[in-house]
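Quick one: dock chain against chain with the hints and give me the complex.
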Amino acid sequence: GENVEQHPSTLSVQEGDSAVIKCTYSDSASNYFPWYKQELGKGPQLIIDIRSNVGEKKDQRIAVTLNKTAKHFSLHITETQPEDSAVYFCAARAAGNKLTFGGGTRVLVKP
Amino acid sequence: ETGVTQTPRHLVMGMTNKKSLKCEQHLGHNAMYWYKQSAKKPLELMFVYNFKEQTENNSVPSRFSPECPNSSHLFLHLHTLQPEDSALYLCASSQLGTGANYGYTFGSGTRLTVV
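Chains as they are written, first to last, in this note's numbering: chain A, 1 to 111; chain B, 1001 to 1115.
Okay, chain B solo, but in the shape it has when bound (with noise of 0.2 Å):
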């Protein structure tokens, strides 16, 4: 595996359910990102991942719940969700430091359809 993958790639669930999207990315980099994509805003900042430490929360709603277990791996936790939340959820990752490339790897994304 290369790059930044995304899982699943489609997600139906209904209101009250529990689920969540994953994203790992094989590229060595210490910064990760949750994107959401939909047709009001073409790229709405989530989250942000420094080090494995949540740097930013951009104003999400609580039924969004990110985890980041190391610098590889993150995840987003959904619960009781609206129709509204109906999108593409991108993930990203890119390098941290000095002379770094600033740079963003994107996944494939998970497209998110809340019934």
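For reference, chain A alone in the conformation it holds in the complex (with noise of 0.2 Å):
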């Protein structure tokens, strides 16, 4: 089954700084790959999304890219201001409707 590897677990930027996340799948077949932000107290809620047939997405001060043929993708935030403070999950989608997700990546933004 596919595999989904997240770095780093932990980031620590200055606001203002950008951040970035990485992550590594297995499957090759995997096709979706989103990008969720977890806030104390709450689910995973979606932030942005990428399809394999698209190098590079943007919304605002995020944007993800993925490289199909090393099997990565990853998270850029721009700008970071202290809500960007948070745990950050990649994950992939292979067959069917199961998404994989890495292990996280909890975020940290001094102000």
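For lysine-lysine, the following DSS-like pairs were computed, each having C-alpha atoms within a straight-line distance of at most 25 Å:
#1 Lys58(A) with Lys37(A)
#2 Lys1040(B) with Lys22(A)
#3 Lys22(A) with Lys1041(B)
#4 Lys68(A) with Lys57(A)
#5 Lys71(A) with Lys22(A)
#6 Lys1041(B) with Lys1019(B)
#7 Lys71(A) with Lys1041(B)
#8 Lys110(A) with Lys37(A)
#9 Lys57(A) with Lys22(A)
#10 Lys37(A) with Lys1022(B)
#11 Lys22(A) with Lys37(A)
#12 Lys37(A) with Lys68(A)
#13 Lys37(A) with Lys71(A)
#14 Lys1022(B) with Lys1041(B)
#15 Lys1052(B) with Lys1022(B)
#16 Lys1040(B) with Lys42(A)
#17 Lys58(A) with Lys22(A)
#18 Lys1041(B) with Lys37(A)
#19 Lys1052(B) with Lys1019(B)
#20 Lys110(A) with Lys22(A)
#21 Lys1018(B) with Lys1052(B)
#22 Lys58(A) with Lys71(A)
#23 Lys57(A) with Lys71(A)
#24 Lys1019(B) with Lys42(A)
#25 Lys42(A) with Lys1022(B)
#26 Lys110(A) with Lys58(A)
#27 Lys1040(B) with Lys37(A)
#28 Lys22(A) with Lys42(A)
#29 Lys1041(B) with Lys42(A)
#30 Lys57(A) with Lys37(A)
Chain A stretches covered by chain B per the calculated footprint, using a threshold of three residues with CB under 8 Å from any CB of chain B:
#31 34-47
#32 87-99
A few chain B residues facing chain A, derived, Cβ under 8 Å:
#33 Ala1031
#34 Pro1042
#35 Leu1043
#36 Glu1056
#37 Leu1090
#38 Ser1094
#39 Leu1096
#40 Tyr1104
Keep in mind the hints are simulated off the structure, nothing from the lab.
The C-beta atom is built at its ideal place from N, Cα and C for all residues, glycine as well.
The structure is reproduced here in structure tokens:
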């Protein structure tokens, strides 16, 4: 089955700096890659996703890039703000409707 | 109500108790999921239901019993749990089908403590 690795497990950045989280996947048939943000006391919320026919997607301060050949994808957050502090999960979908999640990255934005 | 609603938000139960977790989705989705979230395994899939039919049981112990009476409701019945079952239990839903958005919508979870 699909296996998703996520790095780093924790990330501390200064407010205004950029943050980058990287994920690798194992199944070359995977074709959908969402990113979720989980704040304290809440469930994960979808923040951006990308399909395998696209190399990059942006939404304001967040962007995701996909390298199908290398089987890795990344989340980029620019001009970080304290409200970006949360746990972020990447995921990959291969067959069926099941998503396989990475282990999560705890992001702390220091004011 | 919108999105995915889970009740109760918090639950403390003894090892001999029987309790149930409830999930309701108001999105018209046709697939629902139970996940267990703990420090050891951040997002661990437990069960998958497509069109009310269970399509996956990820080797979950029988002390967890899911029920999906219709595509909007999902239950997780709990009995004779162990302290290591203490975790956040998350419900999610999604839409199946060609061209559908594959993203999951999660509820806020039930924080379960087994004493």
